[in-house]
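Q: Sequence:
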Amino acid sequence: NPAPTPPRRPPPPGGAPPPQPGAVPPPDPALIRLQVLLDRSIFSPGIIDGLNGSNLRQAVAAWRQANGMQGDAIDAALMEKLTEADDRPAMTTHVLTAADVAGPFSPPPGELDAQAENGVHYSTPLERIAENFHISESLLQALNPGADFTRVGQRITVPAIGAAPLGADVDHIIVDKAEGSVRAFAADGRLLAYYPATIGSGDNPTPSGTVRVNGVARNPDYVYDPAKLSYGPGERRIVVPAGPNNPVGVVWIDLNKPSYGIHGA
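For the sequence shown, this note's numbering gives the first residue as 369, with consecutive numbering after it.
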């Protein structure tokens, strides 16, 4: 039998009702600014959504480590140092262009057969615009109530992104399976960049060890080949064309362990 529904707690006198279990908190303007500053510093908090999740906390800890600060606190000292490095406003305006709203568009990704047949373009102009500015679709809409994201000439508010230079060549990369992160280091051990990552899967867990980068492919096709893979939809080779919703995204960093690589948007 289903468990009885717990009684709702009455609101405190003169205050707002308490949040319901599972409710998503509203975006926090201070966290939006923090996420933009981290994104510009190449210590990615993941998608800019104004919420305090694990990706943001890990990016803060990585940035603090790289800048001689301890811990993972989101405090005044952190914001002061981030602003010293880049004091531009967190938001800017953007006027939608024909390139922003033009197709072709594809249905949301489904099975590999459908992706191969229908393509893996953006599903909507809103998805394209949100990804271009590293922001969640829901926050982009909240920042622009009533905006028509399909109209050329529409003026919208977006994060003022733009990555800082790395400052040195990347000597080695550490993929941390436990943390779910990718870190890039200079030859002298300096941490240059940090990115959250989804690593491996139940079907294809990521091995441990040291590998080398063979090369980098931009806008790659995705090839499912049952002769090389022990998981997947069947026995037929499937080629999914390049596109932003391709299973491997828009960049594939090939490693010298067959079928393994670093990839993403």
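Hints are computed from structural coordinates only; laboratory data are not their basis. None of the values given here were measured: they were computed from a predicted structure. Heads up, some of the hints might be wrong.
Simulated pairs of lysine-lysine, DSS-like, Cα-Cα distance not exceeding 25 angstroms [stated by the list, open to error]:
id, residue 1, residue 2
1, LYS545, LYS596
2, LYS625, LYS596
3, LYS449, LYS545
Computed spacing ranges between beta-carbons, pair by pair [stated by the list, open to error]:
id, residue 1, residue 2, range
4, PRO626, ALA555, 41 to 47 angstroms
5, SER422, ASP454, 40 to 46 angstroms
6, GLY530, ASP396, 30 to 36 angstroms
7, ARG605, LYS545, 41 to 47 angstroms
8, ASN587, PRO626, 20 to 26 angstroms
9, GLY535, ARG604, 43 to 49 angstroms
10, PRO533, PRO457, 16 to 22 angstroms
11, GLY632, ASP396, 21 to 27 angstroms
12, PRO594, VAL392, 35 to 41 angstroms
13, GLY471, ASP443, 43 to 49 angstroms
14, ASN572, MET437, 23 to 29 angstroms
15, VAL581, ASN500, 23 to 29 angstroms
All residues carry an ideal CB built from backbone N, CA and C; glycine is no exception.
Q: Taking the hints in turn, state whether each one holds.
A: Right, here's what the structure says about each hint:
no., hint, in the structure
1, LYS545 with LYS596, "23 angstroms, holds"
2, LYS625 with LYS596, "12 angstroms, holds"
3, LYS449 with LYS545, "29 angstroms, violated"
4, PRO626 with ALA555: 41 to 47 angstroms, "28 angstroms, violated"
5, SER422 with ASP454: 40 to 46 angstroms, "24 angstroms, violated"
6, GLY530 with ASP396: 30 to 36 angstroms, "22 angstroms, violated"
7, ARG605 with LYS545: 41 to 47 angstroms, "29 angstroms, violated"
8, ASN587 with PRO626: 20 to 26 angstroms, "22 angstroms, holds"
9, GLY535 with ARG604: 43 to 49 angstroms, "47 angstroms, holds"
10, PRO533 with PRO457: 16 to 22 angstroms, "20 angstroms, holds"
11, GLY632 with ASP396: 21 to 27 angstroms, "26 angstroms, holds"
12, PRO594 with VAL392: 35 to 41 angstroms, "40 angstroms, holds"
13, GLY471 with ASP443: 43 to 49 angstroms, "45 angstroms, holds"
14, ASN572 with MET437: 23 to 29 angstroms, "37 angstroms, violated"
15, VAL581 with ASN500: 23 to 29 angstroms, "27 angstroms, holds"
Comparing the model with each numbered hint stated earlier shows that hints 3, 4, 5, 6, 7, 14 do not hold.
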